[in-house]
Structures are given as structure tokens and as C-alpha cells.
Amino acid sequence: MQAPAPASPPAIALHDVSKRYGRHWALARLTYSLPPGRSLLLTGHNGSGKTTLLRLVATALSPTAGHIEVLGRNTVSDRDTVRQNIALLSHASFLYEDLTAQQNLTVLARLLGLPSPTDVANELLTRVGLTRRTQSPVRQFSAGMRKRLAIARLLMKAPSLALLDEPFGELDPSGIQAMETIIGELKASGVTVILATHLIEQGLSLCEERLHLSEGRAVAA
Amino acid sequence: MKRPAPIGLFRAAFVLLGKDLLIEWRTRARLNALVFFSLSTLLLFSFALGPDTKLLERNAGGYLWLAILFASTLSMGESFRIEYENACLDGLRLAPADARAIFLAKAMGNTLLLVALGGLLIPVMVALYGVKVVLGVGPLLATLALGCMALAAPGTVYAAIASNARARDVLLPLLLFPLIVPALLASAKAMMLVLQGDPMNQLNSWFGLLGGFNLIYWGLGFALFPRVIED
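Chains as they are written, first to last, in our numbering: chain A, 1 to 221; chain B, 222 to 452.
Where hints are given, some of them may not hold.
[Claimed, not checked] One side only, chain B facing chain A, incomplete, derived with CB under 10 Å: (1) G239; (2) R247; (3) A308; (4) L310; (5) G312; (6) P317; (7) A322; (8) E451.
FYI, nobody ran anything at the bench for these hints, they're computed from the structure. Backbone N, C-alpha and C define an ideal beta-carbon position, used for all residues, glycine too.
Excised from the complex, chain B in its bound form:
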């Protein structure tokens, strides 16, 4: 057989993303678990706050992002479990696949999963909390995409670190939550404006802030990930 030539970074990332999506499609266990977990979280918020519909309506964006955040810790940990089973991550490293391509593939895969989850949760939130999407679908999807990207990049790095630890289920939220507080705040604020209207034209500022967080998180993840997975 002819000696293979190495492929580029982005092509490798898309090959690995395709592999992750194929595994997700074949099992669908992760998505099913995430949907039920996050639906339960949304329901629990409404039970905990009682019949005060005004309060639910006012804070709906925040509750949505908390449901996505809690689900993301399950999702991102699971995305690395498949790589540690049978030492598949070693197989990728020795292939050799660029560690940065592995990061990009995992972070993009986690983003897509969280966006899909958010897409399923939003109609439920609208029905359950009685909110309206005042600014329409475009800004709603943009907020969802930017917020999920901001969760996925640091979450992917920390999930890779935590996957090797004994207390991985506890470690991932402990590492992740303090880091993503600013991005979570910006996502929740942007979502509230999308749901309740934006008379002061603040939405673009929050989008800019989320874009900045994404640049930092994705840039750092891209640069640091090789150190995380190499011996």
C-alpha cells in the first residue's frame, strides 16, 4: 500500500466531526438523555417558582441557559468517554491526527448538540412559561449559537482534562462553571432581550461581548488542547 500523505488541519477536523456525529446518530443515547434531563430542569424551575407567571416570564432566558448549562456538563463528559474507551484517543494521536483538529471537532460537535438541544427546549419554554419571542427567530438563533459556542469551547478542554480523573463527574462542573459565568450572563441577558424586546438597542452590545468571549475561549482551547492530551 502506498504511504499515506497527512491531511490538513480543517479537513481532519471535519473527518473527526463526521465520525462523532455518526456515533451520536447510531446510539442517540446522549441526545435522548440530554433532552429529558433539560426538560425536567425547565419543569422543576416552574414548579419551584409556583404559579407566579410574571416571574417565570421575566427570567425565562436565564432558566433556559441554566438548563442548557447543566445538560452541557453531561454532554461534554460523554463526548470524551467514547475516546477513552479502547484508548481511541491514543489511536487518533498516533494516526497522527493533529490535536488541534481533535479540539475543533469535539468543540463543533458539542456546539451542534447544544444548539439542537436549545432548539428543542425553546418551544417548550414558550409553552411552559408563557413567553413570546418578540425579536423573532433570527436573533433567537444567533443568541443560541453564540451562547452554545461559548459553553462548548472551554467545556471541551475541561472535559478532556476531567475524563482522566477519578472524580470526573464532579470535576467538570467545578472547573467549568466559574470560567463561563461571564458568557452565561451575556447569553441570558441577550436571550431576555430577544424574548421581551429591545427598546434601548442593547442586543448588539451583548452579541459583541459574546463574540469576544468566543474568540478568547476558542483561541485558548485551540492553543492549549495539545498540552492537555499529550503525555
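Here chain A stands alone, though its shape is the one from the complex:
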């Protein structure tokens, strides 16, 4: 008899995860599992714990209690492997103000060991609609342009799991449409997407699963 194929690990598995800042519990004993190949919409009011959860999954933070697995890997003991497979679009852009758009991407491309860093950077700048501003310092960019550049940064990592914190914020209507297209392309290429947004209808049209947070706990939406 043939042995059954091993099941893929969940995209993310949260086991009793808590996170405390000083005396404030941002997340409290959260347990959740996202099946592989599904995308998740995170909803909740400001301060409900969405950003903290995304930063914990991204390994930018460590949980105060409990543990997290991303694609079967522990986010603390196997942090580097997790980091190679995820990309985070955060409220902060991770961009150097005094470097140009192209230089920001080229530095990341070199760190990632990509061949032809400048070509890769230019290709991504074209994809996010910043072709005419490749040589402008980020300091001169509007909020929407910074968001586009941050998306290019995310795409450069070719992640298995994309964590998007308010991806539609600061974007104009054409930017929102472009972002929806990019999320659709990511999903079509097999990337698991976790999306935190207040634009619930847009989020629901892009994600199959939903997790609603309130004061750091999962509650019914």
C-alpha cells in the first residue's frame, strides 16, 4: 500500500500567542491556523492587535508567550528561514530617504544576492508605475509614491507569504486598482496573502478567510 503524501504545513499557525508592551496586552492567547493556499483578511478597530500580529508573523517581534509557526517553521528558533520566505508591507516604508528609488531597491537586490540588481530594480519600478522617478530621492516622494516603492521592495523578495498592513492606505484610485491587481497576481502565483485593512469589502473580495480581532482576541465578525 502506498503511504499517503505528507500534508503541507499551515501557512501560519498561532499557538496561544500573547504579546505585551509594558503593561498593555496587545494580543492575548490567540490561537489560529491558516490552511496552505488560503488568504486571510485581518479586521478590527485601531489598536485591536492587527499590526502586532503581522509583525509577530514577520519575526519583527517575538511573542511574550506562546509560539508561531510560519510554513511549518518556528518564528523564533528558525527566524532566518522564516524571514527568507516572508515579506512585510508595513506602515513604515523601510526606505532610505537620501537614496533614490532605484538605489533603495538595488541595495536590497544586492543583499538578496540577485543577479543584475539594477535591471531587477528598474523592472520592478516599471511594474509599480515609478518609471519616471527612478533617480529621485525618496525624500521628494509623496506618501502614495512611497507606498508604491515599498510594494516594489516587497515584490523583490518573491515571498511565499506576503503580509500586507493597510496596503490601500495613501494610494489614489489608480494605485488601489494596481494594488488589487498585484495582490491577485501574488495569489495566482501561489503566494499566501495576509491582509490587514479597514476597507473590508475590498479585503473580502481578495481573501477567503477572515479573522476579526478585538482587544487582542479573536472574536466573531
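With chain A held as given, fit chain B onto it using these hints.
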């Protein structure tokens, strides 16, 4: 796009050093501020001690190192300010860049900046204090490089710690100054021998001591830095 393969520690360090030098070149604000600050410090020493040229000449090495030390606290704090703006340090950690590569890049960048600053200050010191470089340029540059390395490694670690604190401008010198007193002493002694001559052949002993301090400081910084920047 093809999944990227991670690069090695030293290659990552040189990529990050190149990025820091590029930012420094594009702004040049930090170097300009450091040059004027340290020139003012050298001038203030000469004003404070009055017209006693013998005293200035005898202690010139010490004053030079104090000027570099004071400037280094400004320089190293600034080197991390650019990483905390827009959470760039998080971006590097998640890239993922090895935390030890970040340390090496920052410490090498700070060393280069301090050596360049020292290179600009030495002719001014020679003119202002009326000193001669008796042992020549080679030992002078070696002293400068070893001393700046000894300031840069612990300074980089403490600048990373202090950058997150509210009183960061005060915290960095408070943490750094007690730790680097032995290295500062060795650098000042070596510089005095370079300037005034070394009849007893003591210079190599001071170089050995500075080399030892550098091994300890760079080794500890390399080992401890990941704990400093990770949550």
C-alpha cells in the same frame, strides 16, 4: 522572479557599508558638522590653555583624541538615526541581513569617518599647536587607525542601544566614555610618542595594547550586536 539565495556575512557587510557611504556622500551633512565641531574643540583647547605653547605641544596628542572622541558621539548616534527613520533597521533585519553584518558595516563606516576626520584635524593641530610629527606619517596613520577602530566598535553597539532611548544624546556618551578610557589612554600615549619621538621604543607596546583592545571590542560587538537589535 526567482527566489533569491542569501549572501554571505562579509559580502552583506560590504553591501551595507557601500549603502552607508553612499548616503554619507549624498548628504555630507554629518561630515561637515563633525569637521566644524572638532575644529572648534581644538581651537577651544588652545584658547583655554592660553599662550603656553610648550603645554599645548606636550599634550597635543591627548587634545586630538579628545576632539575625535567628542565628535564620535555625534557621528555614531547619527549613523543609527538613518536606520530608525522609516524603520529601515527592521527592513534590513527582515531582508534578512545578518545582524553581525550590520554591526561590521556600521563599525567599519564609523571607523572610516573618524579616520577621515583625524586626517583633517592633524594638519590643523600641527599648525595650531606648533608640533612636529617626529616618527613620520606611517606610525601616525597606524595610531589613528587603531585608535579610531577602538572607538568605533563599542560606539556602534552603544549607539544602537541609545538610538531607541528618549535621552539618546546623553545616554551614548554616558555609556561609551567609561568603557573606552583604556583605549583612549593608549591612543593618546601612542600619538604623543609619534609626535615627540620614541627614544625608549615604547610605541610597539602601545600598538600591541591597542590591538588587544580592538580584538576585545570588535569580538564582543560582533557577538552581542544581534541581541541588541532583535526584539
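Hint check results:
For the restraint placing B/G239 at the interface with chain A, the shortest Cβ-Cβ distance is roughly 8 Å, inside the 10 Å limit, so the hint holds. For the restraint placing B/R247 at the interface with chain A, the shortest Cβ-Cβ distance is roughly 5 Å, inside the 10 Å limit, so the hint holds. Given hint, B/A308 at the interface with chain A, holds; its Cβ is 3 Å from that chain's nearest Cβ, closer than 10 Å. For B/L310, the interface hint holds, the least distance from its beta-carbon to any beta-carbon of chain A being 9 Å, beneath 10 Å.
Taken as an interface hint, B/G312 checks out: its beta carbon lies about 3 Å from the nearest beta carbon of chain A, inside 10 Å. Residue-level restraint check for B/P317 holds (minimum Cβ-Cβ distance to chain A is 4 Å; threshold 10 Å). The criterion of a C-beta within 10 Å of any C-beta in chain A is met by B/A322, whose closest approach is roughly 9 Å, and the hint holds. Interface restraint check for B/E451: the shortest CB-CB distance to chain A comes to about 8 Å, inside 10 Å, so the restraint holds.
Violated hints: none; the structure is consistent with every hint.
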